[in-house]
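Line order of the protein sequences matches chains P and X. Numbers -4 to 336, taken from this note's numbering, label the letters of the first sequence in order. Numbers 4 to 661, taken from this note's numbering, label the letters of the second sequence in order.
Certain hints may be false.
[To be verified] What follows is a set of in silico ranges between Cβ atoms, one per label pair, in the way DEER data are often shown:
hint	chain 1	residue 1	chain 2	residue 2	range
1	P	103	X	481	23 to 33 Å
2	X	373	P	138	32 to 42 Å
3	X	373	P	107	17 to 27 Å
4	X	613	P	77	49 to 59 Å
Note that these hints are calculated values from the structure, not bench results. All values reported here derive from a predicted model rather than from experimental measurement. We treat Cβ as the ideally placed atom computed from N, Cα and C, and that holds for glycine.
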Amino acid sequence: MEYSQLIVKLEKDLKKVTEESAREKIWRQYFGREGVIKKALSGLGALPQEKRKERAIEIQKFQREAQTLLDEKEKELKKTAFKENLASERESLDFEAPKIGHLHPLTETIKLINDFFREQGYSIMEGPEIETDEYCLQRLNVPIDHPARDMQDTIYIEEPNVLLRTQTSSIEARILESFKPPFKTAFPGKAYRNEKVNRSNHFMFHQYQGVVVLPEVSLKDLFGTFSALFQRLYGPSVKVRYRNKYYPEVEPGVGPDMQCFNCRGKGCRLCKGVGWIEMGGAGIIHPNVLKMAGIDRNKWMGFAFGLGLDRWAMAKYKITDIRTLMGGNLGYKYYENENSL
Amino acid sequence: MKILFSEIKKLVPDLKADVSKVGNFLTMAGFMMESLEEVRYLGKKDWLMGLEVRHNRPDCLSVLGIAREVAAKWNKPLVLPEFRIKQKIGRAKNISVKNGRFVKRIIAYRVTHVENGPSPEWLRNFLALYGMNSKSLLVDLSNFVMIVTGYPSHLLDERKLEGDLVWDLNDKFSRITTLDGTEIKLKKKNEIILRDNKKILALAGLVGGKKAEIDEKTETIIAEMAVYDSGAVHKNASSLKIITEAGNRLSKHLDPNGLPLAINWLLALILEQAGSDQSQVEVFNYYPKKENAPKIIFNPEKSKKFAGIPISVSENQKILLSLGFKIRPIKNSGNWRIEPPIGRLDIQQEEDLIEEVIRFKGFEKIPFNEIPKLTVTKDITPKIVRLVDSARESLKTLGLDEILSCALVSKEANRQMACIEGEPVLTLNSVNEEFPELRVSLAPGLLNQLKEWRKKNLKFCRFFEIGKIFCKVKGKYLEHNSLALLWGDDEEKFSLNEMRKLTEKMLRSLGLSNLVYSPSSNKPQIANPTVCFDISVDDRPIGVLYKLLPEENRPAVYLSEINLNQVLRSLSHGTNEAVYEFKEKLVTLDVNRKLKKTESIHRLINNIVRKIGKKHLWNLEVKDAFPLKDGIKYTISVSYRELSDQKAKDLHAKVFGL
Ligand SMILES: [Zn+2]
Chain P
-4 MEYSQLIVKL EKDLKKVTEE SAREKIWRQY FGREGVIKKA LSGLGALPQE KRKERAIEIQ
56 KFQREAQTLL DEKEKELKKT AFKENLASER ESLDFEAPKI GHLHPLTETI KLINDFFREQ
116 GYSIMEGPEI ETDEYCLQRL NVPIDHPARD MQDTIYIEEP NVLLRTQTSS IEARILESFK
176 PPFKTAFPGK AYRNEKVNRS NHFMFHQYQG VVVLPEVSLK DLFGTFSALF QRLYGPSVKV
236 RYRNKYYPEV EPGVGPDMQC FNCRGKGCRL CKGVGWIEMG GAGIIHPNVL KMAGIDRNKW
296 MGFAFGLGLD RWAMAKYKIT DIRTLMGGNL GYKYYENENS L
Chain X
4 MKILFSEIKK LVPDLKADVS KVGNFLTMAG FMMESLEEVR YLGKKDWLMG LEVRHNRPDC
64 LSVLGIAREV AAKWNKPLVL PEFRIKQKIG RAKNISVKNG RFVKRIIAYR VTHVENGPSP
124 EWLRNFLALY GMNSKSLLVD LSNFVMIVTG YPSHLLDERK LEGDLVWDLN DKFSRITTLD
184 GTEIKLKKKN EIILRDNKKI LALAGLVGGK KAEIDEKTET IIAEMAVYDS GAVHKNASSL
244 KIITEAGNRL SKHLDPNGLP LAINWLLALI LEQAGSDQSQ VEVFNYYPKK ENAPKIIFNP
304 EKSKKFAGIP ISVSENQKIL LSLGFKIRPI KNSGNWRIEP PIGRLDIQQE EDLIEEVIRF
364 KGFEKIPFNE IPKLTVTKDI TPKIVRLVDS ARESLKTLGL DEILSCALVS KEANRQMACI
424 EGEPVLTLNS VNEEFPELRV SLAPGLLNQL KEWRKKNLKF CRFFEIGKIF CKVKGKYLEH
484 NSLALLWGDD EEKFSLNEMR KLTEKMLRSL GLSNLVYSPS SNKPQIANPT VCFDISVDDR
544 PIGVLYKLLP EENRPAVYLS EINLNQVLRS LSHGTNEAVY EFKEKLVTLD VNRKLKKTES
604 IHRLINNIVR KIGKKHLWNL EVKDAFPLKD GIKYTISVSY RELSDQKAKD LHAKVFGL
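Please build the complete structure, drawing on both the sequences and the hints.
Next up, the structure:
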């Protein structure tokens, strides 16, 4: 057979090949020890001198062409094999919506406020819920016979000294005593008062307080901090006013009010006709409080503030019964298709 | 405190500001105007302001006190009514103080030949606006003076006295019938009383008694006005549960030095309205220890520092003078020596004066839209706060919902739980009798929530709570942060191992490893006793994991509770060297160890770890546990680091005695 014909045959044979093993078999037919090319080369010697060279050139040409065809086939086969392999790797997603967890409305509120204060360089603190009268009241400049005690119906564990803290200011008293200034701290916490549980009262409630002691602070600093917090919580258009108010642990004392969001200051049932809603208390730390904590009032100044959390969380989440916050009717909604593709 | 606007104007005649301006000022200066009512008084339109009066300003539970503030704000003179007492005043006999422990000052007048009757219309109208019923001319005058001056007084009918009028501490009367007919049981414990030789006449500072009540036949009266120890009055008022206008004022720190003005005004009114030419007046005076206002050193540079806005020295001066403070500069110091006016016992130190200056400068003058410059201080956030935050985020990510329950629970709820360390903490006086104890576990709250959610057909009953739990150990009260998670879901099949994995995922996210489970030594009553395990780390118990006792037709409920303070301790014990530089390959060698059933594999492992030491131990694993007749055979595999083959073999042989 002529080599040109052989090439055509090889081409035809390779077309049928779908596996590497078959390609190898064909390769061996041509390039193997017993293959066509080896045989042709060994047959060269039998040829006359003048024909030998011509024949050799022919064989070499065939060898090159055949090799190219076989190489191309190998590439093609690899490509197909990869494609098949890829296809076999195929996996599909299940479209089952994963359940998401929720944080409690109060925790969300606390997180928001914590984040704000962390950004302002505050440390977030905590403290014991079982307290002594000393840390809960006396160290905050509320001595035993102080009339302000009327407002704090205490739940006692050992009367009159061991009690459930009636305000998170007890944490303030402990921070002032335990840490060397300067410091900036904020702390959420539970507090307890002896109230009958109903829609709007609970014996357990939540406060958010802070205490800052630096070489120098001012009411302007305090107001600025508070206003920024209120804007974070209620948006940039919130209106706040700061009026003088009496708290034993501060002097001067401040009552921050927020303009009633319901009536925008005109007066309505929600704000009891005042147009403003009381948000808590604040002020420059009373020198007696610093003194009891062993902080030199000539070197250090501080401010302190406190907010009630429950009402805020209730308003934000449209909860009308305070008991919902402490279990019972609290439920979370799942948007099951939210994560579907 | 209700205040009639025209009454302020009567005392500050030059006042031009209208009621809304005055209300605004008072609100910002510490007396929030809670209400404003248009009323008619003496045939004219008037305003009744409802003011919240600061606790430390009993002087402002009066028209006079508020008018003083207003006069100072607009720098107008305060004009007190003029009154003259024509009568010669003799010394009163038969009035005395037997026990004056809580009595600061008394002035009492005996007035003869008075004629009681109905009040004139203006007085009746006046009292009605203040929510008081007209009783009789004399009583109404006493109330009028209390409203205007802030000092309560008390009138007795001399005719009804048997013997002397005496101030005393009650040690023999067990009840008193008050003016309005209420009978009050007395406790004979530091009750300041007025009595005669036979009977109790009044609870001093709180309420008068029926026995010496004045009536239309009264001819001679004793009008007494006193200031007592405010704490004692406050204690009596709260222990006897008496709320009166007098008690409200006298349980605060009223200035005894303001008393003469008030009682003399009352005397003048009595003589003018109810007296006659024959009226004779005698006085009883008691003021054993004069209470003087402190003299305070004040630096006028400080108020601007406190406020954060400029306040000039002359502004300081102007404000303090307008409030009636006496100022005496101290030579070469820039400081002033300040003497407060009568009625201002709330002013005790420099900061109180600073507040006065800023109050009258105006809180509204301080800008509130500037966040203070960021001062960097040391971060003192306790580790537990961060741990609680991380745990909460981790559980949320794991698909659990957070709940919050009450820290006070029923005795039964606590009894069902295993209080690991001590006994439950009992509260003494909770008005919510069903919940007298502090929780020893978070489980009751979670189970309660589960019940509620099931009632309401809520899906996904998988939730957690983080909060304090409490106990009492050897007389000490302990509390720690606990974390509990509950899986009581109909949606997804669950098993003990799933629960373990869930709990572990959370614990591992906090950085804990080496968790060990062992059958629980202290099982809660609500747990299935065969499915209850203690969780520990390095021999330190950190929590418990259990299945609840089965309920019919309900999916199994799993609960785990972790003591976060213990987790924190475990975390601070563990090393956090996660990176090593390797020069040698690891060498892993096995060893077999037989233990009796009662012996703890954990103890053995701890021993091995200690013996090998941190330097060369890479990993230790129990690969196999083969039960034998009399114990268990463990195969332990130890990987040594930074040792050659031979050295590792030598150490292995030494540690295990091979
Ligand atoms: Zn409103």
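Holds or violated: the 23 to 33 Å window for the beta-carbon distance between residue 103 of chain P and residue 481 of chain X?
Holds - the Cβ-Cβ distance for residue 103 of chain P and residue 481 of chain X, about 30 Å, lies within 23 to 33 Å.
CB-CB spacing for residue 107 of chain P and residue 373 of chain X relative to the 17 to 27 Å hint:
Given about 22 Å between the Cβ atoms, the range holds.
Taking 32 to 42 Å as the hint, is the beta-carbon distance of residue 373 of chain X and residue 138 of chain P inside that range?
holds, 36 Å
So does residue 613 of chain X sit 49 to 59 Å from residue 77 of chain P, Cβ to Cβ?
For residue 77 of chain P against residue 613 of chain X, whose Cβ atoms are near 55 Å apart, the range 49 to 59 Å holds.
In terms of the numbered hints stated before, the structure departs from none.
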